[in-house]
Amino acid sequence: MFYQPKTVEEALELKARLGTAARFLAGGTDLVVMMKKGRLTLEDVVDLSRLSELSGTRDEGETLYVGALCPHRTLESWPIQVLASAARQVGGPQIRNRGTVGGNVGTASPAGDVSVALLALDASVELISLRGTRMLPLREFFLGVGKTAIAVDELIAGFRFRRPSRSAFYKNGKRNSVAISVVCAGVSLDTDGYPAIALGSVASTPLRLLKTEAFLRERGLDPETALEAGRLASEEVRPITDHRASAEYRRAVAGVAVTRLLTQLMPGGAHVAHV
Amino acid sequence: MTGPDFSPVGASVRRNDARGKVTGETRYGGDLAGEDALHVAVLRSELPHAEIRGIDTAKAKALPGVVAVLTAADVPGTNRHGLIRRDQELIASRFVRYTGDAVAVVVAETAKIARRALGLIDVDYFPLPGVFTLDEALAPDAPQIHPIGNLLTRKPILRGDAETAMREAFVTVEETYLTQAVDHAFLDLEAGMAYMDGDVLTLHASGQWVHEERRLLSLALGLPQERMRIIQPATGGAFGGREDLGIQIYLALAALKTGRTVRQDYDRAESMTARHKRHPLRIRYQLGADREGNLVAAKVTVHADTGAYASTGDAVMRKSASHATGPYRVPNVQVDVFGVFTNLSPCGAMRGFGAAQMAVGYELALDKLAEALGMDRLEIRRRNLIRNGESVTTTQVIPVATGLQCLEEAQRRIGWERRDYETGSPTLKRGYGISTFCFGLGYGDGFPDASRARVRFAEDGVLEVYTGAVEVGQGLTTVMAQIAAQECGVDPESVRVIWADTHRTPESGSSSATRQTYFTGSAVQIAASELRLQLMDIGAAMLPVHWDDLTLAGGELRDRHEASLSLPIARVLEEGRRRGFSLEASGIFKPPTLPSDPEGLSPRSFITYLFGSHACSLLVDVETGEVKVERIVAVHDVGKALNPRLVTGQIEGGVTQGLGMALMEEVIRREGKILNPGFTDYILPTMVDVPPIEAVFLENADVGGPYGARGIGEPPLIGTPPAILSAIADAIGTQVTETPATPERVWRAIQEKPHRERARDLGMPASVHSGE
Amino acid sequence: MSPMSSSLPPRGSQANDDERLPLAFALNGEAVDTRVHPLDTLLEVLREKLRLTGTKGACHEGECGSCTVLVDGVPMNSCLILAPQVHGAEIVTVEGLADGETLSAVQKAFIDCGAVQCGYCTPGLLIAAKSFLETCPNPTPEEVRQGMEGNICRCTGYMKVIDAVVEAAKAMPNPKGGRHDRA
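Chains A, B and C, in that order, give the protein sequences. Numbers given in our numbering equal positions in the first sequence, counted from 1, plus 6. Numbers given in our numbering equal positions in the second sequence, counted from 1, plus 14. Numbers given in our numbering equal positions in the third sequence, counted from 1, plus 1326.
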């Protein structure tokens, strides 16, 4: 069956009733591919694309809110650098028009650029069901490749995070655009200057580097600690070797990315040129 | 676009197929069949090497909607194909040798049913040990893939005494270069339609040489050629990837067996799994020079992974051998090129055909030699490029050798003397690269190579050109219209080109080997100039003057001395018909080449040679190995640009494929399975990856080509990988010796650089050593 | 070309059994009312059901842009959209670009600049270019690169495609009134 709920209420009823028996589709940029390749057998599909209530973004003062169905395209022009830059680098324009933030997170790909950006903003995910609403820190949401802490009757409604003072994103792929990340990284500094650091494609989930962050909290951010943080980041990541890159390379690039992003975000720091 | 002064040849005439392509009206292979067509699907081997002990198709046949399930036993002819050796079965009867081998074919009412039926076929495989690397294949106890063993062929070049010359050289360098398996990745996936038209099996599918495809299919299916017709639909790219038979096999068999209209559409994964690839080469290159940098010897050993079947491997290996030292003067040469079977995708034709890989070898070895001698990379090329009347490796003398002229043009345009290494960042390094190369045109080495064409004025007065050549995107039909228009004095946009239909057009050979402008262009010119003579004779009698006094252009015959004496062509045609002139003519162009002797030498391996030079600048992020190409200059001597815009289009496209080969494209395999059979992980250059390309052509006329033209198809791809790799080495101070130079490989080369330098400083047997 | 022989057997009846979902949308300005299988993609419906074969599929995973169409004015990959998702939407394909026999400025520029080789990526590029020029009416080559990075071309090396988009912009009336020059 093909369902196209017009309200969140309807969608949640479907989710409660069908659970994992149906696929809930946002932009479809991943699901449709998997289905067509025969990796996924779909019987029932619930198309969420008409739930305009979930597609908006809100400025809530100290916090910002991004609806799950917000397309990447909308975020490209945002003043939150880490998110705007990540969104700009998800696929080509056609994908960014179609793919959604909630879809990127819900897919739980270790390489999800926007997931990494949200993680670097220490965002929380808002999960809704007929039972109610709960907020879950995003770092507790990702459990493994394609695995998340979402309950069977829940949908992702959106994401909330505190407005950072500064943030930045870095992506390394096999070509200069429209590439799956070999490593991607996001860093934000809160208003006290404390960093949140997240990396993609370096573990089975998008990864927060809590140890590296703790080091910086203790030592403060300066050129020297930025360099040391890079070294720590290389150790903290848990990459694998696959057909895109070796673990060794990913470790090295993770370190470079963290050092560069921190250097760039440091007071008086300049953008570090990379190709 | 007419008028007495307008010359169709040399003008950037608009493509005669462009309108249909921008409106969406043009029909490609997948656009043809209607809802009535049955769908064909192929079961491909799950294992890279196995013996088939049995196939049970009963369950698949019982599925409602399945019309036929075919296995090797259902193939009526020899069940064998292959462009050079017939060593591949249409449907495997006993052995499968790679994961793309066809095991069974399903014909069903819908694509979905066909796919479901594939899953219901039970194949009893007895797994055999697989061979996935050159070393595994060459090991003494290696599993044997074919009755002839694992060595397909060996192609040598022996000239002078390389052994002694190398020993006596002032300086020698040595390095091993690895190139990768590349996919053609044309966007128009294999698709087509077939049906019985009476007793004629009619096939609409894109290949590169419809007459040869008919010949091979006729043999394989046991059907006389006259009972088979192949019509090429519009074709979205080929690049060598449509040379081997593929989808034609299953379409033809299904139509023959069911008597129904059938269609088939590969998806990208099947396209990449089933189709042949560019040969990955392991090139061990040793190069020696005297004190002044004059090359004295080259010793080159190449092992090529030719995959599971011969495909065009023999010819690719020969081309690697004959192009092993490129456009340089090397008096003593010892080359050995081995084609080695593995249980991986068959390797065969792809733009550059063995010569592209070798350019990576000889250009990087030359750079290394320049470094060892403390010479400029450009200077060592200038010194060693052959000049007019000198010979390439095979001893073939090149009367017009314009490599140096190309080099100097590239040098000027890139600003070699003003190289600017300032990037403003300690982690970004700039590099400049330059390459020179040559390429033999046509099949060469004595292989029969001919094009035929027919030109006629049709009953509606339209000039028609008939050629069996295929248009795959290169602009062939436009250029042929220009040539016919030039000879017959009509507007090139009015010419009707009928192409690639085995029942209607004469055989013109393949659209490959950079040969169609030269070969079919010549055949059309010969035919059209004969037709021109008829018009001249008819018109001359009407005026009356001697035909020698007439010009034919802009739609009319005109007396060159007396402008008032003129006749519109329409009137000449009318009179010609009345007087019984045929108003048509045929042309055949069949220049000979000579096979090589046992030492690989030949005074005429190829009908002519092409020269070119590329230069580029790029940035390397030395901490991550990422590369951003800033600019590419590509200079090619094309003899004569019959259509300049088409020529620069070919150059820009070839350069971009070269950039892909240099930096990102690679078919990655593990245990015989392709890990990246789609565009998410088989990485192609996007608009952002491609820098401004300056496409430059020189026009030193070729004595044998139409209006002095040579060709342009393949060379643009060849020059770019070595130029980019040279620039990367310039930026980071060490060579990346394996393509593609992914960020990781560049990064690794940077990490290993101190070790390499230490080894060299300690006088250890690294890659550079000095003799004498 | 008339490939169909006259002696065609009846077509199979299974094909339609599961095409049960009604679907209505505007296609190049005309109303379409049909039934589809819920898991058919928009690309499949356009090409196979509606026989509008101008829109091409090449990678079927959103990487190459060959299948680009406009959905309510926004360029998207039709291979990634389930057809029922566009119920009620306005779809524009390459067949909707020309005004009768008169080609659009982008189509003309593609021909005149030599941006067409094999032509297989061309429909997707044309749609992407049309949309891009609406947001960036007077682009530099670099802006074209960034704005149209979602379309792969294997033949041209993009130079002439970029030229064509820049040239098309010059030939189009600027919606904001009057052209402005860039330094």
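Hint data in this document are derived by calculation from the structure and do not stem from the laboratory. We put the beta carbon where it would ideally sit given N, CA and C, even for glycine. It is possible that some hints are incorrect.
What the hints assert, rightly or not - Distance condition first, Cα-Cα at most 20 Å in a straight line; then the derived PhoX-like pairs of lysine-lysine:
{"#": "1", "chain 1": "C", "residue 1": "Lys-1375", "chain 2": "B", "residue 2": "Lys-126"}
{"#": "2", "chain 1": "B", "residue 1": "Lys-126", "chain 2": "B", "residue 2": "Lys-73"}
{"#": "3", "chain 1": "C", "residue 1": "Lys-1375", "chain 2": "A", "residue 2": "Lys-42"}
{"#": "4", "chain 1": "B", "residue 1": "Lys-687", "chain 2": "A", "residue 2": "Lys-43"}
{"#": "5", "chain 1": "B", "residue 1": "Lys-443", "chain 2": "B", "residue 2": "Lys-767"}
{"#": "6", "chain 1": "B", "residue 1": "Lys-443", "chain 2": "B", "residue 2": "Lys-126"}
{"#": "7", "chain 1": "B", "residue 1": "Lys-271", "chain 2": "B", "residue 2": "Lys-75"}
{"#": "8", "chain 1": "B", "residue 1": "Lys-271", "chain 2": "A", "residue 2": "Lys-43"}
{"#": "9", "chain 1": "B", "residue 1": "Lys-654", "chain 2": "B", "residue 2": "Lys-687"}
{"#": "10", "chain 1": "C", "residue 1": "Lys-1434", "chain 2": "C", "residue 2": "Lys-1496"}
{"#": "11", "chain 1": "B", "residue 1": "Lys-126", "chain 2": "A", "residue 2": "Lys-42"}
Said to hold, decoys possible - Here are a few chain B residues that face chain C, going by a calculated C-beta distance under 7 Å:
{"#": "12", "residue": "Leu-237"}
{"#": "13", "residue": "Gly-250"}
{"#": "14", "residue": "Thr-700"}
Hints versus structure:
1. Our distance criterion of 20 Å between C-alpha atoms is met by C/Lys-1375 and B/Lys-126, whose separation comes to about 15 Å.
2. The straight-line distance between the Cα atoms of B/Lys-126 and B/Lys-73 is roughly 16 Å, inside the 20 Å bound, and the hint therefore holds.
3. Distance hint between C/Lys-1375 and A/Lys-42 is fulfilled; the C-alpha atoms sit about 17 Å from each other, no more than 20 Å.
4. Under the criterion of a C-alpha separation no larger than 20 Å, the hint pairing B/Lys-687 with A/Lys-43 is consistent with the structure, at around 16 Å.
5. Using a Cα cut-off of 20 Å, the hinted pair B/Lys-443 and B/Lys-767 holds, with the two alpha carbons roughly 15 Å apart.
6. Note on B/Lys-443 and B/Lys-126: the hinted pairing is violated, with a Cα-Cα distance of about 53 Å set against a maximum of 20 Å.
7. In summary, the hint linking B/Lys-271 to B/Lys-75 is supported, as the alpha carbons are separated by about 14 Å, within the 20 Å threshold.
8. Restraint check: the Cα-Cα separation between B/Lys-271 and A/Lys-43 comes to about 29 Å, which exceeds 20 Å; the hinted pair is violated.
9. Between B/Lys-654 and B/Lys-687 the CA atoms are separated by roughly 45 Å; this puts the pair beyond 20 Å, and the hint is violated.
10. In summary, the hint linking C/Lys-1434 to C/Lys-1496 is supported, as the alpha carbons are separated by about 12 Å, within the 20 Å threshold.
11. The suggested pairing of B/Lys-126 with A/Lys-42 holds, with an alpha-carbon distance near 11 Å, which does not exceed 20 Å.
12. Here the hint on B/Leu-237 is broken, as its CB sits about 17 Å from the closest CB of chain C, past 7 Å.
13. Taking 7 Å as the C-beta cut-off, the interface hint given for B/Gly-250 holds, the closest approach to chain C being about 3 Å.
14. Against a cut-off of 7 Å between C-beta atoms, the interface hint on B/Thr-700 holds, since the closest Cβ of chain C lies about 5 Å away.
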